[in-house]
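Participant: Chain by chain, the residues:
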Amino acid sequence: MATDISKLGVKAKWRDLTEGMVVAGAGTSREFNTGEWSANKPVFIEDKCKQCLLCAPVCPDSSIPVKDMKRGAFDYEHCKGCGICVKACPFGAITMEGVK
Amino acid sequence: MSYNFKETMNKPERLAPGHRMCAGCGGTIAVRNVLRGLHEGDKAVIGNATGCLEVSTFTYPYTAWEDSYIHNAFENAGATLSGVEGAYRALKKKGKLDETYKFITFGGDGGTYDIGLQSLSGAMERNHDMVYVCYDNGAYMNTGIQRSSATPMYADTTTTPVGTQSNGKPQNRKDLAAVIAAHDVPYVAQTTFVQNFKDLHIKAEKAIYTPGAAFLNIMAPCPRGWRYNTPDIMEICKLGVETCYWPLFEVVEGKWILNYEPKKKLPVEDFLRPQGRFKHLFKKGNEDLLEAFQKEVDRRWEELQFRCSR
Amino acid sequence: MAIALRQINPDVFPAFPITPSTEIPQYFASFVANGQVDTEFIPVESEHSSMSAAIGASAAGARSLTATSSCGMAYMWEELYIAASNRLPLALALVNRALSGPININCDHSDSMGARDSGWIQIYAENNQEAYDNMVQAYRISEHRDVRLPIMICQDGFITSHAVENIELLEDEEVKNFVGEYEPENYLLNPECPMAVGPYSITDYYMEAKRNQAEGMRNVSRVVLEVAKEYAALSGREYGLFEEYCLDDAETAMVIIGSAAGTAKDAVDKLRAAGEKVGLLKIRLYRPFPADEIAAALSHVKAIAVMDRAEGYTNHGGPLGADVMAALFRAKSDALAVNYIYGLGGRDVRVEDAEGVFATLKQMIKDGDAGETYRYLGIRE
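Protein chains in written order, with the numbering used here: chain D, 31 to 130; chain X, 11 to 320; chain L, 3 to 383.
No lab work stands behind these hints: they were computed from the structure. Treat the hints with caution; some may be incorrect.
What the hints assert, rightly or not - Calculated lysine-lysine pairs in the DSBU-like style (CA-CA distance at most 30 Å, straight line):
hint : chain 1 : residue 1 : chain 2 : residue 2
1    : L       : K212      : D       : K43
2    : D       : K130      : X       : K293
3    : X       : K103      : L       : K178
The shape of chain D in the complex, shown without the other chains:
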């Protein structure tokens, strides 16, 4: 059965921690917001996008979701604003302050 990590905040008592500190389940890091790390974010200009998907593999933070062969909106809750995707886009469909 998957671990309920909502009970495992930093104030959790010793009895409440999981045995052996294992976490049953997957992808619980989604609950951790890394989007706050930077205020400067890429902007997606959908009109210019040709859905080539070249931006998707370069994202270190899995913040360019792909579904049904199309990229969706940026996941700003996790995007750290590294700017790599801006340069990966051949069509100028992604812009970000300070990245050319």
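With the hints as your guide, set chains X and L onto chain D.
Facilitator: Chains X and L alone, transformed into the frame defined by chain D:
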């Protein structure tokens, strides 16, 4: 195996966001794209040597992994996954498990070239059905950019600092892919983030689905350690390949195959110039160092061409 | 030991040879080669890797173990802590041997004693019968849901491991039924739910994690006794946390671990025949340390010699000495106690040596003083 980029990108994401790797980290780009080599429906157990990737992707209670994941220690990712794979075979044999699992372990160059080399060598020699992936960023980045045996010559690191009596790391980097190829494993490959990831995606799938032990060496730039402009990672990788500093090759059942030959081999200084760790090489009076670096790149490139021509 | 392992038929056994434990994986490899077990035997390239692979296998959901001695255990040091903190119920067949240097292949307890704080359960044997019986009981203790900790089954190198003794074995089927199937709750190869193991823990969690781990250890003594009771019903051989030998009315007593207890028992018999009120307490479960029970068993004894087959370099004795004396102190004991270092690197312990210890204890009672509490037995001065 036919390859389709869009279909590969359309697969479910197997590394969740919310991990704490630095903005622009090459390590996670490598991981995400290797995991795209897995076929949908197949399960996996991921191993991991201690390093940036481990402390950032499984910070209790947050795991970024969509598959089962085990971190044990720094120097034993190979042995640990050997045990997991042994358990798989045992449970299969005893009829306790129906599903197909694949086994992939990730280590940085510290955990792979250096402290974990014995454990890796053992796992490769025993030919466990697993893939060991080294995301090579050429130094111990987790502890603060100390040199490793993967660090290129002359790189400025915190344990080979440039000073009045020092030009950075005095030694050349170890050719680990060749070392592992000498283990006579079924599949070894070197790649990085070029050709819109086609080379990496194909090699990852081959490595994962080749029965027996496989090794992937992936150049994964680290913006902090290499001191380049973070958004330029793809350009850095391209220059690594176009200068023949980081050639793309495979060793399949002992046969060396060169996957890419630049039409016009660029001078290695094109790769070095954007990186702060090589800044001192471009000072007046250090032309001989650049020359020595170029000579070593040429020597290795010729050696590789020779191996691949046989 | 190897026979017990054949009967247990574990899932995964990674191993690396080191004297004097080499025969365990050797015998086992022949069982594999002849189809007597269906274990995955992984001949790894080092002890660090044997424990690492055993950890991987155990986390994956398999029953796993390895065997080693001396420097082999020292080499797997960090892994011992990781196995325990991950709460993995794997077993280690440890054949005790002196640690280098100088390099020496014979028995003492410096290997396992050093690992006493690693979070492993440690059980020691006096002879091969006990080693076999302890191994058969091992997984029932370590896999118990209130425990889930790794277990070290220790026996003395050469003295026990290479001794030719007649022992009583259980039938294969009896062992199989007694040990049962391994059924972990969470494991890597669980198709229903993936699992992540081995996290980075920030300071906010680390101490709570250690306290959580300690809770498993707190349940060990109870489970050891429950399993021993069930095992006695099956085998007719009874085990406790420790063995009391002529201790009921003893005025002087020796506290000892391992094969030298057999020699000391001969001395006890001889002295008892001469009317001396001497006795012995032989430790079986050393970690966790049954301090209260030991202090109670020694409560009427006037002078005690604690025998350590390992140096502690504390300038006042070895690890068992420290544990027993702390137990006596907490129990407000007024017994006189000394701590002997003996048998290092395979140094023989003779019946006369043990008799000499009892004579010293008798003299201490007469003097009303223990004198120097940190002593060496059988050393050339």
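Participant: State for each hint whether it applies.
Facilitator: Structure-based check of all given hints:
Between the alpha carbons of K212 (chain L) and K43 (chain D) the distance comes to roughly 12 Å, so the proposed pair stays at or under 30 Å and holds. A distance of roughly 27 Å separates the Cα atoms of K130 (chain D) and K293 (chain X); the hinted pair therefore holds under the 30 Å criterion. For the hint linking K103 (chain X) to K178 (chain L), the alpha-carbon distance of about 18 Å falls within 30 Å, and the restraint holds.
No hint from the list above goes unmet by this structure.
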